[in-house]
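Each chain, written out:
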Amino acid sequence: MSANPTKILVVDDEPQIRRLLRTSLVPQKFEIAEASTAAAALKLLAADAFDLVILDLGLPDRSGIEVISEIRAMSQVPIIVLSVRNDEAGKVKALELGADDYITKPFGMAELVMRIRVALRHRYQAQGTLPVLRAGDLEIDLVNRKVSRGGTEIKLSPTEYDIVRLLAEHAGKILTHDYILRRVWGDDKADDVQYLRVYVRAIRKKLGDRIGENEIIRTEMGIGYRLLIGEP
Amino acid sequence: MTVPDAELGKGASAPDPAAGDAPHRVGSSAYLFSTLMVVVATGISFAIQQIVTLPNLSLVFLTAVLFSALRYGLWPSIYVSLLSVAVYNFFFLPPIHTFTIADPANVLSLVFFLVVALIVSNLTAQKQRQAERVAARARLTADLYGFSRKIAGIGSLEDLLWVVTYQIAAMLKCDVVLLLPEGGGLQVRAGYPPEDSLDAADMAAASWTWKQNRPSGRGADTLPGGRRLFLPLNTQGGPVGVVGIQRAEPPIGDERRLLDALADQAAVAIERARLADAVDRVRLQAETERLRNALLTSISHDLRTPLASIIGGLSSLKSYGETYDAQTRSDLITTAHDEAERLNRFVGNLLDMTRLEAGAIQPRLEPTDVGEVIGVALGRARPLLRQRETEIDLPDDLPMANADFVLLEQVFFNLLDNAAKYTPSGSRIRIVGRADGADLTVAVIDEGTGIPDEAAEAIFDKFTRLEAGDRKRAGTGLGLAICRGFVQAMGGTVAVGNRLDRSGAVFTVRLPAAGAARREPETTDKGIVHVG
Chain V
1 MSANPTKILV VDDEPQIRRL LRTSLVPQKF EIAEASTAAA ALKLLAADAF DLVILDLGLP
61 DRSGIEVISE IRAMSQVPII VLSVRNDEAG KVKALELGAD DYITKPFGMA ELVMRIRVAL
121 RHRYQAQGTL PVLRAGDLEI DLVNRKVSRG GTEIKLSPTE YDIVRLLAEH AGKILTHDYI
181 LRRVWGDDKA DDVQYLRVYV RAIRKKLGDR IGENEIIRTE MGIGYRLLIG EP
Chain R
1001 MTVPDAELGK GASAPDPAAG DAPHRVGSSA YLFSTLMVVV ATGISFAIQQ IVTLPNLSLV
1061 FLTAVLFSAL RYGLWPSIYV SLLSVAVYNF FFLPPIHTFT IADPANVLSL VFFLVVALIV
1121 SNLTAQKQRQ AERVAARARL TADLYGFSRK IAGIGSLEDL LWVVTYQIAA MLKCDVVLLL
1181 PEGGGLQVRA GYPPEDSLDA ADMAAASWTW KQNRPSGRGA DTLPGGRRLF LPLNTQGGPV
1241 GVVGIQRAEP PIGDERRLLD ALADQAAVAI ERARLADAVD RVRLQAETER LRNALLTSIS
1301 HDLRTPLASI IGGLSSLKSY GETYDAQTRS DLITTAHDEA ERLNRFVGNL LDMTRLEAGA
1361 IQPRLEPTDV GEVIGVALGR ARPLLRQRET EIDLPDDLPM ANADFVLLEQ VFFNLLDNAA
1421 KYTPSGSRIR IVGRADGADL TVAVIDEGTG IPDEAAEAIF DKFTRLEAGD RKRAGTGLGL
1481 AICRGFVQAM GGTVAVGNRL DRSGAVFTVR LPAAGAARRE PETTDKGIVH VG
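Order-wise, the sequence lines are chains V and R. Residue numbers for the first sequence follow this note's numbering, beginning at 1 and rising by one. Residue numbers for the second sequence follow this note's numbering, beginning at 1001 and rising by one.
No lab work stands behind these hints: they were computed from the structure. Values in this document were obtained by computation on a predicted structure and should not be read as measured data. There may be inaccurate statements among the hints.
[Unchecked claim] Computed beta-carbon distance windows for the label pairs:
no.: 1; chain 1: R; residue 1: Arg1382; chain 2: V; residue 2: Pro27; range: 26 to 34 Å
no.: 2; chain 1: V; residue 1: Ala46; chain 2: R; residue 2: Glu1389; range: 53 to 61 Å
no.: 3; chain 1: R; residue 1: Thr1334; chain 2: V; residue 2: Asp137; range: 23 to 31 Å
no.: 4; chain 1: V; residue 1: Gly186; chain 2: R; residue 2: Arg1364; range: 23 to 31 Å
[Claimed, not checked] Straight-line alpha carbon distances no greater than 30 Å define the calculated BS3-like cross-link-like pairs of lysine-lysine that follow:
no.: 5; chain 1: V; residue 1: Lys105; chain 2: V; residue 2: Lys93
no.: 6; chain 1: V; residue 1: Lys189; chain 2: V; residue 2: Lys206
no.: 7; chain 1: V; residue 1: Lys29; chain 2: R; residue 2: Lys1462
no.: 8; chain 1: V; residue 1: Lys155; chain 2: V; residue 2: Lys205
no.: 9; chain 1: R; residue 1: Lys1211; chain 2: V; residue 2: Lys105
no.: 10; chain 1: V; residue 1: Lys29; chain 2: V; residue 2: Lys7
no.: 11; chain 1: R; residue 1: Lys1173; chain 2: R; residue 2: Lys1211
no.: 12; chain 1: V; residue 1: Lys43; chain 2: V; residue 2: Lys7
no.: 13; chain 1: V; residue 1: Lys205; chain 2: V; residue 2: Lys29
no.: 14; chain 1: V; residue 1: Lys155; chain 2: V; residue 2: Lys105
no.: 15; chain 1: V; residue 1: Lys105; chain 2: R; residue 2: Lys1318
no.: 16; chain 1: R; residue 1: Lys1421; chain 2: V; residue 2: Lys105
Backbone N, C-alpha and C define an ideal beta-carbon position, used for all residues, glycine too.
Only chain V is shown next, with the shape it has when bound in the complex (with noise of 0.2 Å):
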């Protein structure tokens, strides 16, 4: 890590979030680059490696919808998009187009810095190798296809399961509805978010989950679930 510091690219046309995001970051060990507009922003990656980029959707000369889609042509790199309040659409759309996160301005500093290290984390791990996942006091035997919380082992039905599973193996990032109803039931069933919420229900009752108490499983208005890994 010393001797290769991970790189990230800020890309926002306000130089004061530019600013606060270096200020904030570099403590962290982070390498910051930065770009105010898609023009610039897509010049850098072409020319450099990144290991993450942080977009906002709002940028001056291009949406930054389209942005996501030119990255994506080029490469994988992690894309964590900063938005506003009361766009679900637009956040739902970026997610679709393969950001892999997305954090809501105003934001707090820790809230950012767990999300970069989540989506570094998904990008470098080899998926599904591991006989256990953990987050937090859930375990997910995946051998066995069993699941317990703070050692008690807890009853699922196979649905249920598979639910639990796919949140935990993308632990601490968020999934969209969408995204869960298509890899959990196939692709007939991808616009019924309502079964879903019913199966989340009954999945939040057996793990004892209290939202604002001890939750694990976040729910993301308008969005989708995020399996939480520990303090936000």
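Given the coordinates of chain V, work out where chain R should sit on it, guided by the hints.
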């Protein structure tokens, strides 16, 4: 716009020209019938001349004169009188079948007959004219009463102008235009049949009427060559407009009097409507002014207070940071952070309010798990509820609500925010959900001071704050207004009441349940079913 219904048209009983003008112009049929009456009288006289004396036969003819006067008025009855004299002389006074009279006494009686007949004709016709005038006046009064009744209940000026125009048109069977002053000139505001503008000549006549406050145009002394007759609409406060009518025959006599009376009533009604409009405008202006002031007060207070804390705290740290101990630094930072969060909420509320008022809220209604929504709201409100206990009471079989998750979350967040503001620390906030027929209700019950009954509605208005000022950290005055706006956008209601023992307020959100969309997950290994 009030469309005049069939009933309106019924009142338009224009005076029948034939009846109204009977005393003045008589058709030839009157003389025909009068002649017939004389023939009948002659027949009767022939029939009874054997049993009554000759002079008394004249009474039969007098009867004919009387009938004619009653039915047809003066001139036909004079005609009958003269005809009767001739016939009586010719057929009955000796020598018969000549117009000569042998007996001088009969000459005298014939002269008296004529005098009596003429007097009777005159008196009867006069009486008859009087009766007709009374009837016409009664009709006029009834028409006016009907007219005033129809325009009495109309509040808006536009509707009033339309009904006035339509009524005058129907009652006088004419085309009507109404002009009101606008921007220095006159403007056509209503017409029946619909009319947008007048030609130059008519416009000149209308303007003359407006300026001179006197009638003009066809049937008036001034500009009689025009197509229309224009009358000023006068009130005690001065003229309010001009009415113009167009008909083949300009109204005269009773019709003209009716038109004048209608114009007077219309003028009064128009003035009344204008005054009402003006009062409304003033009230609206005052309300706008009040809201603007409240907004400014609210914004300056709610923006400045947290900013003061943030700037104060941060500048202290910047200048004297190294002299503070760790605890002080942490306190300053926490305060600044909390206040920044508060500012963020306030800005969010302002944005929500703006979206609501711009009509930009389009709820995505779908079956929504209220428990999940409340959970998210509680999670977000947790920092605000630090010294409050929360208790959630939702039955397992609570139906899903047909709601927008994001909007509903904001509703509960604002209710929790409100509860946190107006309750003492250490108190408890309960959230109770219940199914209620095709709806479900969620009550947020606190242990604060409750809401005075008279404030139960006002509390949902913008910028209404109970206990505002310095007594308590007041809210933005937007939170509950947003609650109501969002809930209503989702087809629900939100109301406030007090706990029965007055130990706190109860905010109840009522939403339609999404009955059809409920599904049950598959049975688990243990056979336990968790119903959504």
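Hints and how they fare:
1. As the Cβ distance of R:Arg1382 to V:Pro27 is approximately 28 Å, the hint placing it in 26 to 34 Å holds.
2. Checked against the hint of 53 to 61 Å, the C-beta distance between V:Ala46 and R:Glu1389 comes to roughly 56 Å, which is consistent with it.
3. Between R:Thr1334 and V:Asp137 the CB atoms are about 28 Å apart, so this pair conforms to the stated range of 23 to 31 Å.
4. V:Gly186 and R:Arg1364 have their C-beta atoms about 24 Å apart, which keeps the hinted 23 to 31 Å range intact.
5. At roughly 17 Å between alpha-carbon atoms, V:Lys105 and V:Lys93 fall within 30 Å of each other, so this suggested pair holds.
6. Between V:Lys189 and V:Lys206 the CA atoms are separated by roughly 24 Å; this keeps the pair inside 30 Å, and the hint holds.
7. Distance check on the hinted pair: V:Lys29 and R:Lys1462 sit about 48 Å apart at the alpha-carbon level, beyond 30 Å; violated.
8. Between V:Lys155 and V:Lys205 the CA atoms are separated by roughly 11 Å; this keeps the pair inside 30 Å, and the hint holds.
9. For the suggested pair R:Lys1211 and V:Lys105, the alpha carbons sit about 66 Å apart, so the restraint of at most 30 Å is broken.
10. Proximity of V:Lys29 to V:Lys7 is assessed by CA-CA distance (about 9 Å); at most 30 Å being required, the pair is judged to hold.
11. For the hint pairing R:Lys1173 with R:Lys1211, the CA-to-CA distance comes to about 27 Å; that is within 30 Å, so the pair holds.
12. Only pairs whose Cα atoms come within 30 Å are accepted, and V:Lys43 paired with V:Lys7 is accepted, the gap being roughly 16 Å.
13. As the CA atoms of V:Lys205 and V:Lys29 are separated by approximately 40 Å, the hinted pair breaks the 30 Å bound.
14. Only pairs whose Cα atoms come within 30 Å are accepted, and V:Lys155 paired with V:Lys105 is rejected, the gap being roughly 39 Å.
15. For the suggested pair V:Lys105 and R:Lys1318, the alpha carbons sit about 25 Å apart, so the restraint of at most 30 Å is met.
16. Restraint check for R:Lys1421 and V:Lys105: satisfied, since their Cα atoms lie roughly 25 Å apart, inside the 30 Å limit.
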